[in-house]
Amino acid sequence: MKQSNKQYWKGIEQLTNSHEVVKNAEREFPEFLPINENGESGGSSRRDFLKLMGFGIAAVSLAACEAPVRKAIPYLNKPVDVDPGVANYYASTYSLGGNYCSIVVKTREGRPIKIEGNKLSNITKGGTNAQVEASVLSLYDKERLTGPKAKGADIDWVALDKEVISKLEAIAAKGGQIRIVSNSILSPTTKKVIADFKAKYPTTEHVTYDADSVSAMVEANSQSFGQAVIPSYNFDKAQTIVSFAADFLGTWISPIEFTKQYAVNKKLGKDKKTMSRHYQFESNLSLSGSNADYRTPVKASELGLAVAHLYNALAAKAGLATVSVKAGSFKNLDKAANDLWNNKGKSLVVAGTNDVSVQVLVNAINSLLDNYSSTINLAQAVNYRQGNDKQMAQLVADAKAGKVDGVIFYNCNPVYDHASGTELAAALAKVGFKLSTSDRMDETASLADFVAPDHHFLESWNDAEPKVGSYSLGQPTISPIFKTRQAQASFLVWAGGSDDYYNYLRNNWKSTVFSKQTSLMDFNTFWDKTLYDGVIELGAPSAASVAFAGDVAAAAASLSAKTDNGPELVIYQKVGIGTGNQANNPWLQEMPDPISKATWDNYLTISQAMATEMGITFVESNTSLVNLKVGGKSVTLPVLVQPGQANGTVGLAMGYGREKAGRVANGVGVNAYPFLTSANGFVSFEITSGVSIEATGEKYQVPQTQTHQTYMKRQNIVQESVLSEYVKDASAGRFHPHVMGYDGEKKPSEISLWSGHTYSNHHWGLVVDLNSCTGCSACTIACQAENNVPVVGRQEVLNRREMHWIRIDRYYSSDADANDVKGLEIAAENPEVVFQPMMCQHCNNAPCETVCPVAATTHSSEGLNQMTYNRCIGTRYCANNCPYKVRRFNWFKYHDNEKFAAVNVAMNDDLGKMVLNPDVTVRSRGVMEKCSLCVQRIQAGKLTAKKEGRRTNDDDVTTACASACPADALIFGDMNDANSKISKFLRLEEKEDKKVVKEERAFHMLEEINVNPNVFYLTKIRNKDLQENNV
Amino acid sequence: MQVVSSVREPLITGGKSVADVTQDICKQVEGKPTKSWFAALTVSLMVLAFGTFCLLTTWWEGIGVWGLNKTVGWAWDITNFVWWVGIGHAGTLISAILLLFRQRWRMSINRAAEAMTIFAVLCAATFILAHMGRPWLFHWALPLPNTFGSLWVNFNSPLVWDVFAISTYLTVSLVFWYIGLIPDFATIRDRAKGKIAKIAYGALSMGWTGGAKTWSRYEAVALILAGLSTPLVLSVHTIVSMDFATSVIPGWHTTIFPPYFVAGAIFSGFAMVQTLLLITRKVFKLENYITIFHIELMNIVIIITGSIVGIAYITEFFIAWYSGVPAEQYAFLNRMFGPYWWAYWSMMTCNVISPQLFWSKKIRTSIAASFILSIIVNIGMWFERFVIIVTSLHRDFVPSSWAMFSPTLYDIGDYMFSFGLFFTLFLLFAKFFPVINMAEVKSIVKSTSTKD
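Chain order of the listed sequences is Z and W.
Mapping of the first sequence onto the numbering used here: residues 33 to 1063, in sequence order.
Mapping of the second sequence onto the numbering used here: residues 363 to 814, in sequence order.
So here's chain W without its partners, still in its complex pose:
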């Protein structure tokens, strides 16, 4: 039994008992879907359908349907890819690092955050495929034995590192998430009345018995996976940032990118978790599980990572001036005052200035403000990637090749595809899977909610 300070705010409010937890979470899975859920799913599916049309057109016609050109070879595709990968970071951070640091407040949110991670990484993966000129040959980027003689991938290329980083991350996240789901699936299985539900959840729970030994193994596995995931939190976005950092293009070629990208990823990931949880909490009436305390803590993470990102932006500028490299200096001036100044200042406003509002306790404990700011942060983070990719490329060394980029319907449509996919998956998850880790939350109901 842990000793809990009597002044500490309880993590779960409303005097919930262990049975209440089961009831509150399971009722979403067992009950009929609500109208608002159906409405949301319909919208998501429509977006997905439109996006699928655009994506198929892109694959059929070639990526010429996008707005890219001879100078700007990546734009929305890689912007979206980095953005989604970044969002995916929060899940692992919450489930792995916070687990290792024994931050129990994570228990209410880690399930949804991990689900978000997996779906976000899937969305990112669609852009890896979509951005290829010949996506049907994507497997050539894998070091597979082949009949072409000694033909192998180029291990110098950061894109190959990306392939490894992303696939490892997806695999580990998926396993981690699934292992965590097993006891909860067993709970639902035990309560299930319908035949299909019994079979489905029975299969999903993989014969979980709830024996003491099983629990012990479960916790050991969770700890091992947490240990495995922790370096991934840092490595994935570090490697993504190396796509840019190892190049020669002014604005890309900077050593600050790895930490800056990781901070940015956590920043955008927490903002996305915030957005999703605020909705889930409201729709599924989980106010007692996801409390203002959770929201505030996440806002604090946002303010910290947002400030790191802000410092990174300023450092980049300082180094551009300090380096004495004219091309580098021009690249940064061009970001601020060039034709894409609006993208730069959108990024600055959304990422650096807006999170600073969270210094005010009133704002960071306001649900409406948190919701709006979390969306603004993600808009800002999208612009950050756009600024890095497009404004660096569109005016690099040789002025004769300077060009502008403007998106087409298919740039937008393919981005919408990822939204459609993400929300469809998330809604299905929210309906059919327990959105809060019941097993873990039960362990803190008593210790943090009562004062005996």
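In isolation and in its complexed conformation, chain Z is listed as follows:
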């Protein structure tokens, strides 16, 4: 092609070859760009440099801050029932180790976050306890197994089933023995499942044991009445209650139910001026003992003797033959006998000891008092404890002898929590096939060949028959978090059936419960209603007197006697940790024991006299370690001087010293189970001989939340009286402080700098009945769950920095003169106890509000003292100026902080965080926090009412603490609503724009400083004779 000489121009400028075009020809942007303000000369000026550098630094630092990835995934298809921000409630059943509670589970966006009591249940009547409240956190325990295991390695369910079935069939084929070991099973359908399993493998036997066994009671009832059951007790019908070491308010058999009943007769008011009277004879100071009107410390070895003496005293009154027993004198025993006799048929005697002789004597006493026709109902047997000590002992013996070929541990941990645990662990080597359904690699599961982890109860379908005629259903409130499988389904699969336990349960109910009732004809309707209610009560035969056929004389003769002069060891349960099956729950570990106020530890409780003898001092929780030796076993543990401890006895709590429960519980305290002995085939919790204690001289600190034990006879704090005085004058025991002014004495409320607040709409208030409160601490845990209260761990409790928003102050009485300041600090040997729940008092003249420099704590228009976390700069002035010391400071960042990861799991684990209440802020480091009277619940309740176009009422709002309380000791409500329970109870009257409280028992703590709280306390009234300062 011929080369072209044609030239093309971009424009006329190029053609003219203008100066501009030539100059800018090679530049990308011929036009002026504002990047370079210096114009044509090029290069950067100082200003440009600074600008670019500034931008650069900002950009780099922004880029360096990686925005956290928030995994908020919207629903593709929104579940019908789930509305973001709206809670759903499902009725369900808590049953763990035989402990029963009918519950309502609050779920948010598909995750359970709070457990409430179910008011429809006639057994627990809406009450809960600390263990029930805390169980929701156990669901999110990341140490639960995530799937089945075979020999410690992961396996899938299909392979596991195959192996298990082949092993079981092999055993069955050769006629080998199979055992299913469990704690008490309340579920009738589960029992049917086990029966199915037995049908498939006929050599199977089901062995039931309970860590806190009452097996001897069953035996005694069998001997006395021919009925091997535990009866229903009606503490509400008893005017005189005598308990021999039965901690029925704390841990014995069905504490929630009993507390509900017991509280009925503790209520006083304008129209009710009677109370039950409660005697307690025991070695350790228990929760029940601390609520008793008369309490006598008795050595464990003499407890049976005391029962026998009571029998003799009553038999003498009844004109029956007495039994011959050793002489003995027990304070208040005669008085108790008189009261019992005067309240024949309206009294109740119970004993907590696992000794047949004692239980037979107790049965004889109750029979003699006609209690079987009123306060005890043998016809309505309860299923809470079905453990059979002899059966379990036989299992251990058989395993040792190599007679057992296969064993399935169904949600139980006998290697840890049975007296023969160590023997069993050794014997398991001889068992060919071992399987556990435990949710974690616990002490027993870690010895098993297979672990088929069960769901948490909040993930399962279940049912329960707590007592004859009462049924309840449990339903899943979250889909299974891990690849676990419901144990019942596992059993069904191994028995050759399908794993559809839900339909199995339904079918079983159709054929059993449904057919027993007549009110609903359609099963689906019946099922839906029962599921909605959670419970169905078909009624049971009422109490009827039964003939006592026991041999009292033989029982008295066989009372165990002490064989040496050494101290006696009484193994007891703490209200929080119980038998230790929820030990890995940090809420329970940090819950102060109601009596000792100790957390994160167990210890030997000893009397002051014994401590003095051993040269041990216990001051500000500083103590010493001792060596406890029982038989051949010994352990080193701290001592805690316990007022009220029977001299010569020592107490030790079970449930501690876990080795394989998880990072929270492992290594906390010492294991008491190995010390349990066996007497006449029954596990004995009282070791009366062969115990020795030696001081080691080593120092130790027990983390306690309260180190000062008496209230120093300060009447402005605790006000109490006795019933006889109360009957005469309802304001008995009230303390009326007066302030002297220039014009004479005045009530503190008459002198004020403040003009007061007006509450035009609501005015929230809380009443705390010191008389009903048993100190059980359910409220503490309920509050912790509701309000995202952090757990701080052992060291921080030692540093006195626990975070609980509601605490229970426990005071012992003192023998000292009111003017003896030093002496008042020392608790009496056998003190009276008072429990005082303390939360923010929501003062109307709040001292905290005036001192905050940034107005982070202010008063609401509804009487609440509000804390604005994100305004707080953390001067702690408010906490210092709080006379009640209820404010809690975030000394550290407790969430997402490795230092607290092992204890504050609810704010550190991704899984644990699922339990947090999304309506309540997780507080950051450096801010103050405190009780808000559950303001989020108030707001939610107000919304409910608003949507329905009416005023808020009592049913809409209650606080977590009041809702949890099994004794109904807390009344929350709107004091501006004349129909509210609180207004009626306090008998509020408006007088010159001021509310006047007519209820004589109501008082403000520290009335003289006139901070005018919205929390009222009611005086404690003891049903004891005047003049008796000390029981």
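Be aware that a few hints might be false.
What the hints assert, rightly or not - Quick list of in silico lysine to any residue cross-link-like pairs, SDA-like style, CA-CA up to 20 Å:
#1 Lys157/Z x Gln507/Z
#2 Lys779/Z x Pro688/W
#3 Lys854/Z x Glu690/W
#4 Lys925/Z x Pro688/W
#5 Lys854/Z x Pro688/W
#6 Lys854/Z x Pro497/W
#7 Lys223/Z x Asp531/Z
To be verified - Computed footprint of chain W on chain Z; a stretch qualifies when at least three of its residues, placed anywhere within it, have a C-beta under 8 Å from a C-beta of chain W:
#8 828 to 834
#9 883 to 897
#10 907 to 921
To be verified - Among chain Z residues calculated to face chain W with C-beta under 7 Å, some are:
#11 Glu652
#12 His740
#13 Tyr743
#14 Met744
#15 Asp841
#16 Pro879
#17 Phe924
#18 Val952
#19 Val954
#20 Arg957
Simulated from the structure, these hints should not be mistaken for lab results.
Note that the structure is predicted; figures quoted are calculated from it, not measured.
Cβ coordinates follow ideal geometry from the N, Cα and C atoms, glycine included.
Assemble chain W onto chain Z, guided by the hints.
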């Protein structure tokens, strides 16, 4: 010309001439630092470095590293704060009130005392910051316009009053001190040989010419500032005391606190001035300027204020009994015989008993005794604040919450930080600034040292 009694002791001894004054004071600034100065600075810096580590840890981890708890919400932090603020009082008292009362003996000591005031208030300010849970939000305690709507500080809170009181005090003290320094800086500038010194002191002296009009304005400003500072001497510690007095806590809730705190502040402030001057005097060989006469006068102030404090302690007890309030009575019994009895009796011994030794002329004119007692007084005053704060809080109304407080490494370390800061600043001041007000002292050399 003033008429001076011939029997009066001269304030400046050694027959110093006006030129001698310039020479004696300036030589410290112009000469090479001494070895002892370097040694002292090294120690101070080491303490400061350790303290800084502790303080940064406190800020990083949270004040949980301290020994505080749910019951005792303030301990060493506020003790140290009040202690340092108290120490800061002497400077203003000396420069303002004594100026107004025309006490010329103050001229030798006011410069160092004012410097001490400023450094002490700075130390106090570090504890205001450090004691906050969220110190990065300290500005929320100031009434600053903000984007949070009507969010404002709480003017009811004594802590807000504190913010105003302390910042005003710091500002006024700083201005007063600086104005006084200007003529002396000019002197040093005029004598300076090095280039840096010339520029530095030239800038610091702000073009001082020494003209008669300038002097006249200088004196007028000094008088105005003295007038402004005088109420501050009373107000600052009054307001600090209201942090406690306006509360409801037994042991805090007392109306005696304002005068008692002011007396205590002057007491501890003079003791601190005494301590520092005795060292400066020795190290810088200023015996002719800071004479036994000065020392004795300061000891007399110590004995007076110490006795006021002692009477306040006794009055508190009397009122606790007389009030008939059981909680109040218990709080005071608990101070004396409770678990912190040792703190109380340390305070009593150091503050009430030990200053009484100054009734003896021999002791109050003894340099060694004055030095030791001045330190004891400050130990006592620290314990006074500790007793008020900790023993009142640790056992207040509700016995269930009674608790003990024990300090941790970080409580101690953060206190050491303030010492490190204080002494570092003071040593730098002593080296680079004229420690005695030359201009003022020159005015009394002639009138008080010669008898013509």
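Run through the hints listed earlier and report the numbers of any the structure violates, in increasing order. 4, 6, 18 and 19
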